[in-house]
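Chemist: Here is how the chains run, residue by residue.
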Amino acid sequence: MPRALRAPRRHKTLLFAVLAAVAVGLMASPAALAGLISPEHGGSPNADRISTLYNVVLVLAAIIFVGVEGALIYSMIKFRTRRGAVAAQIRGNTRLEVGWTVGAALILVVLAGVTFALLPGIRTPDNSDAGGLRAANGGILYAAGPAKRLPPNGKALNICVNGQQYVWRYTYGARCKDSPLNSIFGYTTMIAPTGTTVTLEIVAQDVAHSWWIPKLGGKFDAVPGYTNYTWFKIPRGMEGHIFRGQCAELCGRNHANMVAFVKAVSPSDFERFVAAKKKQIQAADAAAAIGRKKLDRDPRANP
Amino acid sequence: MAATETAPTRTLPAVPQIVAREVRREPRGWTSWITTTDHKRIGILYLVTTFAFFLIGGVEALMMRLQLGVPNNTLLEPQVYNELFTMHGTTMIFLFVVPIWAGFANYFVPLMIGARDMAFPRLNALSYWLLLAGGVVFYATMFFNPPEAGWTMYPPLSSSAYLPNAGVDGWIFLIHLTGLSSIIGSINLYATIANMRAPGMGWGRLPLFVWAVLVYAILLILALPVVAGAVTMLLTDRHFGTHFYDATNGGSPLLWQHLFWFFGHPEVYIMILPGFGAISEVLPVFARKPIFGYKAVAAATVVIAFLGLLVWAHHMFSTPSPTVVLVFFMMSSFLIAVPTGVKIFNWIATLWRGTIEYRTALWFACAFIFQFLIGGISGIFLAIFPIDWQLTDTYYVVAHFHYVLVGGAVFTIFAALYYWFPKMSGRMLSEGLGKTSCLLMFIGFNVTFLVQHSMGLEGMPRRIYEYPDIHHLAILNLISTIGSFILALGVLVTVINVLRSLTRGVHAGPDPWKANTLEWFTSSPPPPNNFDVIPRVRSVEPMKDIRREIDRRTGRSTPPPEGVPESLVRA
Numbered sequence: 001m002p003r004a005l006r007a008p009r010r011h012k013t014l015l016f017a018v019l020a021a022v023a024v025g026l027m028a029s030p031a032a033l034a035g036l037i038s039p040e041h042g043g044s045p046n047a048d049r050i051s052t053l054y055n056v057v058l059v060l061a062a063i064i065f066v067g068v069e070g071a072l073i074y075s076m077i078k079f080r081t082r083r084g085a086v087a088a089q090i091r092g093n094t095r096l097e098v099g100w101t102v103g104a105a106l107i108l109v110v111l112a113g114v115t116f117a118l119l120p121g122i123r124t125p126d127n128s129d130a131g132g133l134r135a136a137n138g139g140i141l142y143a144a145g146p147a148k149r150l151p152p153n154g155k156a157l158n159i160c161v162n163g164q165q166y167v168w169r170y171t172y173g174a175r176c177k178d179s180p181l182n183s184i185f186g187y188t189t190m191i192a193p194t195g196t197t198v199t200l201e202i203v204a205q206d207v208a209h210s211w212w213i214p215k216l217g218g219k220f221d222a223v224p225g226y227t228n229y230t231w232f233k234i235p236r237g238m239e240g241h242i243f244r245g246q247c248a249e250l251c252g253r254n255h256a257n258m259v260a261f262v263k264a265v266s267p268s269d270f271e272r273f274v275a276a277k278k279k280q281i282q283a284a285d286a287a288a289a290i291g292r293k294k295l296d297r298d299p300r301a302n303p
Numbered sequence: 304m305a306a307t308e309t310a311p312t313r314t315l316p317a318v319p320q321i322v323a324r325e326v327r328r329e330p331r332g333w334t335s336w337i338t339t340t341d342h343k344r345i346g347i348l349y350l351v352t353t354f355a356f357f358l359i360g361g362v363e364a365l366m367m368r369l370q371l372g373v374p375n376n377t378l379l380e381p382q383v384y385n386e387l388f389t390m391h392g393t394t395m396i397f398l399f400v401v402p403i404w405a406g407f408a409n410y411f412v413p414l415m416i417g418a419r420d421m422a423f424p425r426l427n428a429l430s431y432w433l434l435l436a437g438g439v440v441f442y443a444t445m446f447f448n449p450p451e452a453g454w455t456m457y458p459p460l461s462s463s464a465y466l467p468n469a470g471v472d473g474w475i476f477l478i479h480l481t482g483l484s485s486i487i488g489s490i491n492l493y494a495t496i497a498n499m500r501a502p503g504m505g506w507g508r509l510p511l512f513v514w515a516v517l518v519y520a521i522l523l524i525l526a527l528p529v530v531a532g533a534v535t536m537l538l539t540d541r542h543f544g545t546h547f548y549d550a551t552n553g554g555s556p557l558l559w560q561h562l563f564w565f566f567g568h569p570e571v572y573i574m575i576l577p578g579f580g581a582i583s584e585v586l587p588v589f590a591r592k593p594i595f596g597y598k599a600v601a602a603a604t605v606v607i608a609f610l611g612l613l614v615w616a617h618h619m620f621s622t623p624s625p626t627v628v629l630v631f632f633m634m635s636s637f638l639i640a641v642p643t644g645v646k647i648f649n650w651i652a653t654l655w656r657g658t659i660e661y662r663t664a665l666w667f668a669c670a671f672i673f674q675f676l677i678g679g680i681s682g683i684f685l686a687i688f689p690i691d692w693q694l695t696d697t698y699y700v701v702a703h704f705h706y707v708l709v710g711g712a713v714f715t716i717f718a719a720l721y722y723w724f725p726k727m728s729g730r731m732l733s734e735g736l737g738k739t740s741c742l743l744m745f746i747g748f749n750v751t752f753l754v755q756h757s758m759g760l761e762g763m764p765r766r767i768y769e770y771p772d773i774h775h776l777a778i779l780n781l782i783s784t785i786g787s788f789i790l791a792l793g794v795l796v797t798v799i800n801v802l803r804s805l806t807r808g809v810h811a812g813p814d815p816w817k818a819n820t821l822e823w824f825t826s827s828p829p830p831p832n833n834f835d836v837i838p839r840v841r842s843v844e845p846m847k848d849i850r851r852e853i854d855r856r857t858g859r860s861t862p863p864p865e866g867v868p869e870s871l872v873r874a
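Protein sequence lines correspond, in order, to chains A and B. Here the first sequence is numbered in this note's numbering, starting from 1 and rising by one per residue. Here the second sequence is numbered in this note's numbering, starting from 304 and rising by one per residue.
Misleading hints may appear alongside valid ones.
[To be verified] No farther apart than 25 Å at their CA atoms in a straight line, the calculated lysine-lysine pairs in the DSS-like style are these:
#1 A:K293 to A:K278
#2 B:K817 to B:K738
#3 A:K78 to B:K738
#4 A:K263 to A:K279
#5 A:K278 to A:K177
#6 A:K78 to B:K817
[To be verified] Some chain A residues well away from chain B (every beta-carbon gap over 10 Å; in silico):
#7 N153
#8 V167
#9 G240
#10 R272
FYI, nobody ran anything at the bench for these hints, they're computed from the structure. Just so you know, these numbers come straight off a predicted model, no measurement behind them. Backbone N, C-alpha and C define an ideal beta-carbon position, used for all residues, glycine too.
Based on the provided sequences and hints, a complete structural model is requested.
Modeler: Right, here's the structure in full:
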């Protein structure tokens, strides 16, 4: 008799031990298994915060998973038919049913609370670091944008992202409705200064695409006729790092090959990049002006 | 006024209420399958046709998994790959999971409510033939250009500027035809359930599968006209110069996404709710215990359906939408977790303190609960929109909805097949083959799809025909491909089981499981008129009452010998 009394308690202790071990293991493992069981992060605070939020939910989910699957497997084994067993003809238990309905709702209230606590840090951009790109830099930094989200101090480097079959085009510092031809622009690899908040205005010119660099935060669809916004801030010290991503919305046969890279450079290197590009644009403009003059004078070109 | 005084005094001559002019012979031969209006035969037509489409869709999936088995594979052209996932998704949803429930509902709803046929037998036949026509029109595109914009068919990619060939049009006609089929079928099911229940079967005594089919029918009636309108607008955009979805002319691609998902999310519940209903029939029978909380399970079905109409934009969290919209759809998606959780708890509580008999149908039911819970939990992650920004349109989503639709819906379909096959064919399926099939499918399914969560978290988008050898993508994809073939093998074992048992199965008799509902009251397979006598229903488990009554009248009131499961006594 005493053995029979002791047995359930031992079961309970074992159950708690397993639950605790799983919870601790899950809290520790996201760091070790980043990517395999939690989202990519490490390139920008918003990606890090999404990953944190994910890990909080993962711990809660793991507890629910172990609890419910445990109850299922326990009852599958314990209550399999055997000699002399008689099924209890229970039709329900109102108190129990109300209890687990309220319990499920409470878990969701907790999840909503955690989400709302972390949401502003994900949606609203951070200020640039002190060592980031300086404000007075050839009009590259915008103090205010149109409808987009800006950091609290209102200063960020703006880059327009344009999706087309099957390449991404980046226009630096421009107001995105302007023609990219008046600004610095490039394809596929974006150059981004570290320690600087970069806001992105995302548009598409043919079919829908989706901008996504996993380590720099979530994905934002580029839909024709709409502008989407996101941001990232690569920490100082990650200069030279290249972040990989690719289009995440089916855009046609070569959707799989519409890749995107973001190359982190130091703010001074970024300024040098801008200066070099400006020089190239001036040289090209000058060459074009000479050619234009020649054509203007040529009677065959002006009948 | 005067007439009322004289009317009661007249007596009617005593005549039988029903006069049979002739007893028609049961039609035979292949033409009888074309002309039939018998709900059981139409049900069989539905089941066979949709299962054939399931096998075709499965082959398409295996071809995709082969292409993705190794990084940078060149087995399939990008165009072919895009066509395959479009065909696979469309086939599985519109030609398999949704209509196979129409098949089970056709066969079993009239039997379970004690009716002799559906309310409108000819419309019933029309529903089936429209479904077949939709499938034929869609698969005819194989001979020119199959569609290649995914089953969601987002414009502008699906517009004539980017996909001028007729594949998208074939898809549009599939939606029209299968949609019409489903609407007609749903009205028929609704009318049947509302009007043709056996005497005594109030709403509180409706079997839970019938409750689920009722809600399935209502959801189809609400959701399908929306997508029918949306695809008609796509058709006029493509051919008749309108610009509903064309941003360059004042239209909006997001309009399509809203309309499509307003249909598309209820569609998920259209696919899974009848499965919930089937599980709610299977579990009590094999646990030898009444369903735990009948009212809660039925109410949860209705609440899920209602909330399911309010969550569509959680498929659009990464589109340019205001934060308030994102928050609303996050919270409404959270709410759905409550009734779904209630169902899972009630199912486990049904097993609790039962005497569980491990027949194949119960194996599939338990595997379903195990897997569907995983799909539900990953759904919570996806409902939180900042997390969804990382997960949407990746293999994480692919894993999630396959846990819901394969681990969930397909396993319930197999549970329903193993449970009801004896009634439809009169023969038992082999338990050995059935359990082998379930085990292979369980292992294959989880090996295929569990690792896909990790692929998504590592940055692999869905709908890509190749991927580079980065992170762990190569090994994860290889595991997934191997798993998919184990899953396919499991399905094949069931196909063999069904074909073999049709001729060689043990004769089932009317009630092999000692089940609870009226379909087991008649012979297996049932005669064309279903029931010679329709019993009066006095509880939610009429067959238990009937068995008890028979025991009482025959004086066999002694319970079965100790320790022997009731269902084994009869054999």
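Chemist: For each hint, tell me whether it holds in the structure or not.
Modeler: Status of each hint after checking the structure:
1. A:K293 to A:K278: Holds, at about 22 Å.
2. B:K817 to B:K738: Distance ~20 Å between K817 of chain B and K738 of chain B Cα, so the pair holds.
3. A:K78 to B:K738: holds, 20 Å
4. A:K263 to A:K279: holds, 21 Å
5. A:K278 to A:K177: Between K278 of chain A and K177 of chain A the Cα gap is close to 20 Å, so the pair holds against 25 Å.
6. A:K78 to B:K817: It holds: about 22 Å lies between the C-alpha atoms, which stays within 25 Å.
7. N153: Fine: 21 Å to the nearest Cβ keeps N153 of chain A off the interface.
8. V167: Non-interface label stands for V167 of chain A: nearest chain B Cβ at 16 Å, farther than 10 Å.
9. G240: Non-interface label stands for G240 of chain A: nearest chain B Cβ at 18 Å, farther than 10 Å.
10. R272: holds, 30 Å
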